[in-house]
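Participant: Throughout, the numbering used here is defined as the position within the sequence shown, counted from one, plus 1015.
The set of hints was computed from the structure by calculation and includes no laboratory data. From the three backbone atoms N, C-alpha and C, an ideal C-beta is built for every residue, glycine too. Mixed in with the good hints, there may be bad ones.
Unchecked claim - Computed beta-carbon distance windows for the label pairs:
1) GLU1089 - GLN1176: 16 to 24 Å
2) VAL1018 - ARG1134: 16 to 24 Å
3) GLN1116 - GLY1164: 14 to 22 Å
4) SER1039 - ASP1091: 32 to 40 Å
5) THR1028 - GLY1133: 21 to 29 Å
6) SER1050 - SER1072: 39 to 47 Å
7) LEU1092 - GLN1176: 37 to 45 Å
8) LEU1122 - GLU1063: 20 to 28 Å
9) PHE1194 - GLY1133: 20 to 28 Å
10) SER1072 - ARG1134: 21 to 29 Å
11) SER1069 - PHE1194: 38 to 46 Å
12) MET1165 - PHE1194: 38 to 46 Å
13) GLU1064 - GLU1121: 22 to 30 Å
14) SER1039 - GLN1186: 31 to 39 Å
Said to hold, decoys possible - Straight-line Cα separation of at most 27 Å, DSSO-like style, residue types lysine-lysine; simulated pairs:
15) LYS1112 - LYS1077
16) LYS1123 - LYS1113
17) LYS1077 - LYS1113
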Amino acid sequence: MTVPSEALVFDTTIGWCGLLSRSSRLHHLVIGCESPDLVWQELRRRSEETGLASSDSAELQKIRERITAFLEGEPDLFLDLQIQLAPLTQFQQQVLKKVRQIPVGELKTYGEIAAACGRPQAARAVGGALSRNPLPLIVPCHRVVGAGGMLTGFTAPRGIQLKQQLLDLEQNMLSCAEFGC
């Protein structure tokens, strides 16, 4: 018997977001949607469950609070959260695990991530892996840029615009930490 998923949809400074978990592991995070209906549509598609409903799980509420605080300027790496990366390939999981380690406010290129994974010629494959990231913010793919710092590839709603907004938010976090706000 399959354990049912738990879902939570909430509004943030970047738009509507949604969490999907199963067996105390976070499976999906949808960010930056224009409406809660769009979030539910995406969560149902990803869960492949017809009866997916809202959960008032204390665990999901805590994660929501942390994501909301992060989007309001409080740094958080989310490294303690239990996540599920299957059914991604071994290489895709390796990429996401490397990206998860990038600190707030730092950038890495696709090539740097490829080299860190032992495949220095696989920058495009890194981009492909990041396009399948089920947990943006938790696995901060917005911190990965093209060669020369060019903003490329972000599959969340509003694409590059949202990626830039997240990077600006993180730069502001660092400035506040260093100089006070």
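Participant: Against each hint, give a clear statement of whether it holds in the structure.
Facilitator: Against the structure, the hints:
In this structure, GLU1089 and GLN1176 meet the distance hint of 16 to 24 Å, their C-beta atoms being roughly 22 Å apart. With their beta carbons about 35 Å apart, VAL1018 and ARG1134 fall outside the hinted range of 16 to 24 Å. Checking the proposed 14 to 22 Å range against GLN1116 and GLY1164 shows it holds: the Cβ atoms sit about 19 Å from each other. Here the CB-CB span from SER1039 to ASP1091 is close to 19 Å, at odds with the stated 32 to 40 Å.
THR1028 and GLY1133 have their C-beta atoms about 38 Å apart, which leaves the hinted 21 to 29 Å range violated. One distance hint, 39 to 47 Å for the beta-carbon pair SER1050 and SER1072, is violated here, with the actual separation near 23 Å. A beta carbon spacing of about 24 Å between LEU1092 and GLN1176 contradicts the range 37 to 45 Å that was offered as a hint. Checking the proposed 20 to 28 Å range against LEU1122 and GLU1063 shows it is violated: the Cβ atoms sit about 34 Å from each other.
With their beta carbons about 39 Å apart, PHE1194 and GLY1133 fall outside the hinted range of 20 to 28 Å. Here the CB-CB span from SER1072 to ARG1134 is close to 38 Å, at odds with the stated 21 to 29 Å. In this structure the supplied range 38 to 46 Å holds for SER1069 paired with PHE1194, their Cβ-Cβ distance being about 41 Å. Roughly 28 Å separates the CB atoms of MET1165 and PHE1194, a value that falls outside the hinted 38 to 46 Å.
Range check, GLU1064 to GLU1121: about 36 Å between beta-carbon atoms, so the 22 to 30 Å window is missed. A beta carbon spacing of about 33 Å between SER1039 and GLN1186 agrees with the range 31 to 39 Å that was offered as a hint. Proximity of LYS1112 to LYS1077 is assessed by CA-CA distance (about 22 Å); at most 27 Å being required, the pair is judged to hold. In summary, the hint linking LYS1123 to LYS1113 is supported, as the alpha carbons are separated by about 10 Å, within the 27 Å threshold.
Simply put, LYS1077 and LYS1113 have alpha-carbon atoms about 25 Å apart, close enough for the 27 Å limit, and the pair holds.
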